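Number of protein chains: 2
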Amino acid sequence: MPEIRQDPVSGRLSLIAPERGQRPTDFRIPEEEEIENVRCPFCPENEELTPPETLRLSTGEGPSSWQVRVVPNRYPALRPDADNGAGDPFHRLTPGLGHHEVIIETPEHGKSLENFSPEELDLVFRAFVLRAEAFLQEGRWRYALFFKNRGRRAGASLSHSHSQLMALPFIPPLLEQELARAEAFHTETGECLFCQLVEKETSGPRLIFESENFVAFQAFAPRQPLETWIVPKPHGLDFLTLREDLRREFCESLLRVLRLLERTLPGLPYNFFLHLEPLGSPPLPYFHWHLELVPALTRVAGFEWGTEAYIVPLKPEEAAEFLRTLEP
Amino acid sequence: MPEIRQDPVSGRLSLIAPERGQRPTDFRIPEEEEIENVRCPFCPENEELTPPETLRLSTGEGPSSWQVRVVPNRYPALRPDADNGAGDPFHRLTPGLGHHEVIIETPEHGKSLENFSPEELDLVFRAFVLRAEAFLQEGRWRYALFFKNRGRRAGASLSHSHSQLMALPFIPPLLEQELARAEAFHTETGECLFCQLVEKETSGPRLIFESENFVAFQAFAPRQPLETWIVPKPHGLDFLTLREDLRREFCESLLRVLRLLERTLPGLPYNFFLHLEPLGSPPLPYFHWHLELVPALTRVAGFEWGTEAYIVPLKPEEAAEFLRTLEP
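Quick note, the sequences are listed as chains A and B, same order.
For the first sequence, counting from 1, position 35 maps to 35 in this note's numbering; every step adds exactly one.
For the second sequence, counting from 1, position 184 maps to 184 in this note's numbering; every step adds exactly one.
One or more hints might be untrue.
Claimed, not checked - Which chain A residues face chain B? A few, computed with CB under 8 angstroms, are given here:
id	residue
1	GLY96
2	ASP122
3	ARG126
4	LYS148
5	GLN196
6	LEU284
Simulated from the structure, these hints should not be mistaken for laboratory data.
A quick note: this is a predicted structure, and the numbers were derived from the prediction, not measured.
For every residue, glycine included, the Cβ atom is placed at its ideal position computed from N, Cα and C.
Given only the sequences and the hints, what does the whole structure look like? Please build it.
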């Protein structure tokens with residue numbers, strides 16, 4: 001029987017309609033069409049195929065001895081020098097100011113993120129943190145966004161493992177909504193919405209696993225089957241100044257999630273992103289930064305575009321139960 | 001240079017980033033994979049493959065002499081008899097009550113919507129109106145949603161031309177947002193937001209065409225390249241009680257849009273949907289029902305999921321200029 005659920009964080013509605021009796025392993029992953037460049041612009045020795053790098057993390061000195069590179073996106077959605085555009089009060093338009101960069105996560109062309117070591121994944125987030133700190137120093141941006149597209153169906157146009165980061169001159173609408181709802185919850189109850197969420201999901205039917213400081217669970221009102229969140233348990237952690245051992249633990253949790261999903265549906269295309277506080281925000285009594293992972297399994301179609309609610313054919317509790325059986 | 005735009009109706013943000021210099025005809029339409037049933041359940045003579053119909057429009061008397069059939073969706077996202085589910089104040093959950101039906105738009109298996117006559121398309125909307133009136137009579141539903149998915153990439157699982165309709169026990173979140181913004185605009189300015197929109201788009205650079213009572217234009221802040229809206233010009237028209245000549249004119253406008261898009265990108269997968277007033281709403285001084293058509297050309301990826309804003313690589317004004325050149 002279908003259910004109508006409301007996400008406690010964003011307020012988003014999902015119709016959970018497992019009528020086809022699909023199990024977590026029943027979703028079809030289409031073959032990836034390889035329309036790869038002959039020379040991969042993200043491989044060592046091909047550094048001249050990308051714009052000049054904005055950051056490099058490396059152990060050696062040679063031009064191709066890097067572990068992680070950050071380069072401007074060749075087709076940026078925002079640019080620091082945009083100067084066009086004049087709107088009016090009805091049709092609001094501002095120049096597309098910002099940064100849009102790519103994190104080349106590894107020199108190894110065929111290495112997929114779930115096969116990274118925690119140390120290797122940590123370097124990716126370290127690169128993001130260093131760039132976000134630089135954006136903060138520039139004083140022009142309101143938000144540092146980190147997101148990953150894996151697989152063509154999830155929007156990746158190159159297969160060499162990479163993620164993206166942006167400096168935005170606005171707070172993302174979804175974050176505005178999460179922050180506003182969390183603040184209202186705090187005003188009403190005196191409690192942190194995310195502390196409550198951690199408490200409920202740590203002991204509830206959507207839990208996948210917990211570590212000392214993180215909990216991974218299936219979203220209560222997902223946008224896609226197998227939507228997974230990772231939330232830090234302690235209140236008051238800031239991602240950009242996170243202690244190294246905590247960032248390492250976060251990386252271990254994310255790798256554990258990625259490996260469970262890969263075992264469930266090999267080659268699963270997915271997106272994940274960090275929801276952080278706005279750049280330069282003081283500590284908030286009502287928010288925890290967190291990661292949301294949204295697989296690309298069902299299509300965004302007429303219902304979703306027309307309503308901004310979602311139809312999901314798999315119960316999160318069933319997905320969590322399955323994922324727990326894969327755990328050692 | 002990229003631009004940041006805000007949709008005047010919903011408030012949604014789009015980054016218009018035409019950096020790749022893509023023209024309207026440059027988008028790649030992937031081949032449709034045909035995973036068709038051997039016997040199409042929507043073809044005449046196969047009526048027993050669908051659940052019993054809730055409506056039939058026909059000229060003759062035979063069991064297969066229909067022009068349009070409405071049948072319950074075999075995999076409904078909502079059901080009138082759902083009775084499960086108990087949430088709590090934190091994790092809100094209600095039974096998935098509603099109707100979810102399919103409109104089989106034609107008996108002809110291979111006939112695509114853009115090749116319908118205005119009379120044939122009018123029967124589809126007539127079927128929707130009759131079902132919506134029945135939903136209104138039931139007194140349990142707050143919204144009648146009409147949407148169409150064309151092509152697998154836009155979520156259609158069968159190729160035989162069909163659309164869907166739902167009776168919802170809630171007002172769709174996107175509609176809530178449009179209604180709230182339109183009401184606020186009316187309170188502030190004393191004007192109808194949609195009357196203003198019609199005035200601006202009829203004389204502006206995003207116009208595709210206008211007829212006596214309708215205007216078709218490229219959305220100012222689209223979610224996808226070639227996103228197209230059709231809005232009635234007169235204030236105060238109600239879709240469910242629309243005069244026959246006006247509904248015919250609306251069908252002619254929609255067919256004109258579909259044919260222009262098909263000429264631009266043959267086989268274009270798309271979704272469209274009606275945004276109507278809530279069921280049983282009194283006439284609103286600040287709203288016009290309208291149709292929004294969203295092509296399935298770019299992927300919803302990490303940026304879109306993480307922000308609920310959109311990156312679109314084609315300027316609506318350029319798309320409109322191109323579509324106007326196709327006009328007779």
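Report the numbers of all earlier hints that the structure fails to satisfy, in ascending order. Result: hints 2, 3, 6 break, sorted rising.
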